[in-house]
Amino acid sequence: MTYHWDFGFLLQLGPLLLQGLMNTAKLWAVALVCGLAIGLVVGVFRTSPSRTLRVIGTFYVETIRNTPGLVQLIWIFYALPILTGLQSSPWIAAVVSLSIYAGAYSAEIYRAGIASVELGQWEAARALGFGYINQMRYVVLPQALTRMVPAFGNRAIELAKATTLASTIAFGELLYTAKIIAEDQYRPLETYTALTLLFTAVLLPLSYATIQLERRLGKKGTLHRE
Amino acid sequence: MNEVLRLEGLTKSYGNVPVLKGIDLTVRRGETVCLIGASGSGKSTLLRCVNFLGYPTSGRIFLEGKLVGREITDRSGTKLVKYREAELCSVRAHVGMVFQQFNLFPHMTAEENVMIAPIKIRGLTKSQARDLAAVHLKKVGILEKARSYPGQLSGGQQQRVAIARALAMEPAIMLFDEATSALDPELVGEVLLAMRQLAQDGTTMLVVTHELGFAYNVAHRVAFLHEGTIHEEGTPEEVLVKPCKSRTQDFLRGHTTFRMPEPKL
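First to last, the protein sequences are chains A and B. Just so we're aligned: the first sequence equals residues 1 to 226 in this note's numbering. Just so we're aligned: the second sequence equals residues 1001 to 1265 in this note's numbering.
One or more of the hints may lead you astray.
What the hints assert, rightly or not - Here's a subset of chain B near chain A, in silico, CB distances under 10 Å, partners left out:
no., residue
1, 1064
2, 1065
3, 1069
4, 1081
5, 1082
6, 1226
What the hints assert, rightly or not - Sample of chain A residues facing chain B (criterion: CB under 7 Å; computed from the structure):
no., residue
7, 124
8, 131
9, 143
10, 145
11, 156
12, 158
13, 162
14, 201
15, 203
16, 205
Said to hold, decoys possible - In silico negatives: residues of chain A with every beta carbon more than 12 Å from chain B:
no., residue
17, 2
18, 62
19, 121
20, 126
21, 127
22, 130
23, 154
24, 175
25, 211
Don't read these hints as lab results, they were simulated from the structure. Small disclaimer: the values here were computed from a predicted structure and weren't measured. The C-beta atom is built at its ideal place from N, Cα and C for all residues, glycine as well.
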């Protein structure tokens, strides 16, 4: 069987694909920022001297990490409205669900990063008269964040791929757009191949940058020395 | 008030293991007191109790004549001291600490290491703090490295920056926890010299050290710790040259680095 590849129709549908790409980028960016913010709070909870905060943080992280992202999304979009009586748009449901998802994973990165800072650093800050919050803020976090950068890079790539989950609730991101095009044009092979190439083209540079950062950090331990 | 620090009946246990068994010690203004003793005798634990990096199990600590914490009597009639974290933060801000491992902040330059606490805790402006940092970095002879990161400095230089960092808080007393033990032998001298200079300038210091030569030459008083108690205390001459107690004599006999005292300067 010979298949006649024809990508021509995709060029005409360029604006539609671009729209999908923009929606994917928007979802990715918003969920990433929200996820990092949630993760910071939960990560600090997880390393806090307070047992209550640690339990709350652990509960959140373990619940989210041990359920599929797709189930979380569907739950938020279809089940949550029954509880609250508020139907959210696919966009809101996607943002909320992916932020919560990204938050749990980035919390673990923060926790590991904070734990990697030597006890002596905490003690030195404490001995100068800094309270817990300020020890964290001025001494521990700045060092931990530098060490976390490669892990966040990997997380960002994972999240970019996870945005495709939103296609299941009819949010018009790339995969959903591609599905519509494929069905409309009867050309799934070209459409999904193009989708694959598009994701690779966008994420490959990001992967590469992360590897470079990892290498630089691996050599020096921190970005600041030298 | 002549007295900067007074410890009364200080004890510290880890679980059921007593490390300090009732320490009484006074440090007066301008005085340098050296704590010596074998590893595990409780020297560092004692020092860490003074600025509450470790909490004493019982006993009282007076800083500049004021009891740290609040004394209460519990139901069984035992007197306890309760500490509030906010009060301890302010105590720590008035007590300078120099660690064996320096513990400089690697993401800040030498100067920034010295500036951060005066800015954030004492409320100095950036330019005030920079001037203050210059004064103290100069005092320990390392002003030319103000813009270097700790990773670019030798151990001796790092430790001197750490001393400047503690001094910049203008503490009532400086604590040194084996400040030279982690250094290469050729770098010990520069740090001891800086410490000696401080002592001569009248800084109140409580120094845990294995450098008996330093203790002999610089300390006003030396306390020998043994198994969690102050076994012998007196002038350097009394404790290091003519010790009365057999434990002290044994300890000194074991110290090859202190056969003959260096000439007193």
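Now for the hints, and whether the structure bears them out:
Given hint, residue 1064(B) at the interface with chain A, is violated; its Cβ is 16 Å from that chain's nearest Cβ, farther than 10 Å. For residue 1065(B), the suggested interface contact is broken, since its CB lies about 20 Å from the closest CB of chain A, more than 10 Å. At a threshold of 10 Å, the smallest CB-CB gap from residue 1069(B) to chain A is about 16 Å, leaving the interface hint violated. Violation of the interface hint for residue 1081(B) is found here, the shortest Cβ-Cβ separation to chain A being roughly 19 Å, above the 10 Å cut-off.
At its closest, the beta carbon of residue 1082(B) sits 18 Å from a beta carbon of chain A; the interface hint therefore is violated under the 10 Å criterion. Violation of the interface hint for residue 1226(B) is found here, the shortest Cβ-Cβ separation to chain A being roughly 26 Å, above the 10 Å cut-off. Against a cut-off of 7 Å between C-beta atoms, the interface hint on residue 124(A) holds, since the closest Cβ of chain B lies about 4 Å away. Checking residue 131(A) against chain B: minimum C-beta separation of about 5 Å stays under 7 Å; hint holds.
A cut of 7 Å between beta carbons decides the hint on residue 143(A): the least distance to chain B is about 5 Å, and the hint holds. At about 9 Å, the closest approach between the beta carbon of residue 145(A) and any beta carbon in chain B exceeds 7 Å, and the interface hint on this residue is violated. Residue-level restraint check for residue 156(A) is violated (minimum Cβ-Cβ distance to chain B is 23 Å; threshold 7 Å). For residue 158(A), the suggested interface contact is broken, since its CB lies about 27 Å from the closest CB of chain B, more than 7 Å.
For residue 162(A), the shortest C-beta to C-beta distance to chain B is roughly 32 Å, which exceeds 7 Å, and the interface hint is violated. With 7 Å as the threshold, the beta carbon of residue 201(A) stays out of range of chain B, its nearest partner Cβ sitting at about 35 Å, so the hint is violated. Nearest Cβ of chain B to the Cβ of residue 203(A): about 30 Å, over the 7 Å cut. The hint is violated. At about 28 Å, the closest approach between the beta carbon of residue 205(A) and any beta carbon in chain B exceeds 7 Å, and the interface hint on this residue is violated.
With 12 Å as the threshold on Cβ separation, the claim that residue 2(A) sits away from chain B holds: the shortest Cβ distance comes to roughly 61 Å. Every CB of chain B lies more than 12 Å from the CB of residue 62(A), the least distance being 30 Å, so the non-interface label holds. Some Cβ of chain B comes within 12 Å of the Cβ of residue 121(A); the nearest lies about 6 Å off, and the non-interface call is violated. Consistency note on residue 126(A): stated as away from chain B, yet its beta-carbon is not over 12 Å from all of that chain's, at 6 Å minimum.
With a least beta-carbon separation of about 4 Å from chain B, residue 127(A) fails to lie farther than 12 Å from that chain, contradicting its non-interface assignment. Not every Cβ of chain B is farther than 12 Å from the Cβ of residue 130(A); the closest lies at roughly 7 Å, contradicting the non-interface assignment. Remark: the non-interface label on residue 154(A) is consistent with the geometry, its nearest Cβ contact in chain B lying 23 Å away (cut-off 12 Å). Residue 175(A), annotated as away from the interface, keeps every beta carbon of chain B farther than 12 Å; the closest lies near 41 Å.
Residue 211(A), annotated as away from the interface, keeps every beta carbon of chain B farther than 12 Å; the closest lies near 23 Å.
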